[in-house]
Amino acid sequence: MNCATVREGLAEHALGALLARDAATVDRHLAWCAACRKEAGELARASATLAFALAPEEPPADLGDRVLEVVQDAVARRDRRPQSSPRRSRLIAIASLAALLAVLGAGWGAVMAGRAARSDRVARLEQIRSESAVERFRDLLNSAEFGNPENEAFLGTLEPTTPGGGSGSALVLVSPSIVDLALVLVDGMPPQMRAVLPLAVRIRSDDGVLMVGRITKDEFDDSGAGIVMQEFADLDGFDTVIVRDVNGDVVMTGSLETRAALATPSP
Amino acid sequence: MEGLLAGNDEAVRALYARYGRLIYSLGYRLLGTREAAEELTQDVFLTAWRKAARFDPTRGRLSTWLMTIGHNLAVDRLRRETGVSRPTLVLVDEVPDAPGLDEEAVLIERDAAVRALSSLTDAERRLVARSYFRGMTAREIAETDGIPLGTVKTRLRSAMIKVRKANEGKGLV
Numbered sequence: 001m002n003c004a005t006v007r008e009g010l011a012e013h014a015l016g017a018l019l020a021r022d023a024a025t026v027d028r029h030l031a032w033c034a035a036c037r038k039e040a041g042e043l044a045r046a047s048a049t050l051a052f053a054l055a056p057e058e059p060p061a062d063l064g065d066r067v068l069e070v071v072q073d074a075v076a077r078r079d080r081r082p083q084s085s086p087r088r089s090r091l092i093a094i095a096s097l098a099a100l101l102a103v104l105g106a107g108w109g110a111v112m113a114g115r116a117a118r119s120d121r122v123a124r125l126e127q128i129r130s131e132s133a134v135e136r137f138r139d140l141l142n143s144a145e146f147g148n149p150e151n152e153a154f155l156g157t158l159e160p161t162t163p164g165g166g167s168g169s170a171l172v173l174v175s176p177s178i179v180d181l182a183l184v185l186v187d188g189m190p191p192q193m194r195a196v197l198p199l200a201v202r203i204r205s206d207d208g209v210l211m212v213g214r215i216t217k218d219e220f221d222d223s224g225a226g227i228v229m230q231e232f233a234d235l236d237g238f239d240t241v242i243v244r245d246v247n248g249d250v251v252m253t254g255s256l257e258t259r260a261a262l263a264t265p266s267p
Numbered sequence: 001m002e003g004l005l006a007g008n009d010e011a012v013r014a015l016y017a018r019y020g021r022l023i024y025s026l027g028y029r030l031l032g033t034r035e036a037a038e039e040l041t042q043d044v045f046l047t048a049w050r051k052a053a054r055f056d057p058t059r060g061r062l063s064t065w066l067m068t069i070g071h072n073l074a075v076d077r078l079r080r081e082t083g084v085s086r087p088t089l090v091l092v093d094e095v096p097d098a099p100g101l102d103e104e105a106v107l108i109e110r111d112a113a114v115r116a117l118s119s120l121t122d123a124e125r126r127l128v129a130r131s132y133f134r135g136m137t138a139r140e141i142a143e144t145d146g147i148p149l150g151t152v153k154t155r156l157r158s159a160m161i162k163v164r165k166a167n168e169g170k171g172l173v
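As you go down the protein sequences, you meet chains B and Y in turn.
Using our numbering, the first residue of the first sequence is number 1, and each one after it goes up by one.
Using our numbering, the first residue of the second sequence is number 1, and each one after it goes up by one.
Treat the hints as calculated values from the structure; they're not laboratory data.
Watch out, some of these pointers could steer you wrong.
[Unchecked claim] List time: in silico DSBU-like cross-link candidates among lysine-lysine, alpha-carbon distance up to 30 angstroms:
1. Y:Lys51 - B:Lys38
2. B:Lys38 - Y:Lys153
3. Y:Lys162 - B:Lys38
4. B:Lys38 - Y:Lys165
5. Y:Lys165 - Y:Lys153
Using the sequences and the accompanying hints, generate a full structural model.
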């Protein structure tokens, strides 16, 4: 998709009036095209103004107290968490990444086994592609640039919108010196949910939405697991993962709230 | 914002005092019930607390940032709850007088919104309302109205160009 085509759809994009797959195509373009991103930002700010056109309505007198309670509860939950030292934070982050990689390996292995029966050649190509993605991820973890103290990892779990609708994990790496990465694993999807594949996995910030990828029927193994991973120029501020089915309905969401610096602390 | 980030009671109260009515109105007008509007208001302030460190005043007003959070949360809910009847949309220029106090920044934004909407034809205004306030995609609008998708797209584009132009040079877009 070129800039002219993208710009034709930016107004709808700002209003949220694009089909999910078209919005994803625009998001992918915006991830690397600064000129179109500027145009999209201006239209998004223009559309945000529209919300002020709604007629005012007086809230109940005690709503302010309830808002305060909700925030106080969240602050208290945060403060109750054990305070981690920088080194412990790093160890937790690395352990989480390692666990996620282990799950990825297992997930892809199962997928590959299923595919082998269908087509050795296709399975082999997919295996190479998947292994390549894992390798790139491992290379990144082992790279010198990864030691940048400004690198951050955000981890989160995905919850289904309906009970028994599977679950998932998400990881976002934000770095000022190397590419940013979003990686989402969906698993435990019940067999009946195969009918609503492919799943569109997006990540959202206050400024917009980016497409991480689609999980198609071919990418699901027998246990209902699938993975998407994508590199982006900048994922700072992207903190919500949304998984929609083929009908555009949200089937899973999650917040990337666990934040950890990944660099080794100075002695 | 530092106070909000720390979860300071006074900061939360002050923020609610300035923007609570605005957010509640958004929830009430879009979702249609007081219960849904109250839930949305609480969710918006909780999200604002979580994201306070990422608010950048050089990129926009605090009121706009909060309304964007509110709009995103409301549209998510609208799309999740398909089949639920929604209220008739009531815009600020359709009510004789808006009681209650709002801060100046909100009034400026409200004027800008009215200016933007009044720059649209009736057809464009209805179209924008259905996509932005109802969360309908261009395809859904085209199918509902029985008109070509291309026509809806062209009208939406034309409308948004007008919305942007209506406030160009006023520091709002």
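Hint by hint, here is what the structure shows:
1. Using a Cα cut-off of 30 angstroms, the hinted pair Lys51 of chain Y and Lys38 of chain B holds, with the two alpha carbons roughly 22 angstroms apart.
2. Restraint check for Lys38 of chain B and Lys153 of chain Y: satisfied, since their Cα atoms lie roughly 21 angstroms apart, inside the 30 angstroms limit.
3. The straight-line distance between the Cα atoms of Lys162 of chain Y and Lys38 of chain B is roughly 18 angstroms, inside the 30 angstroms bound, and the hint therefore holds.
4. Under the criterion of a C-alpha separation no larger than 30 angstroms, the hint pairing Lys38 of chain B with Lys165 of chain Y is consistent with the structure, at around 16 angstroms.
5. Using a Cα cut-off of 30 angstroms, the hinted pair Lys165 of chain Y and Lys153 of chain Y holds, with the two alpha carbons roughly 18 angstroms apart.
Hint compliance for this structure: every hint is met.
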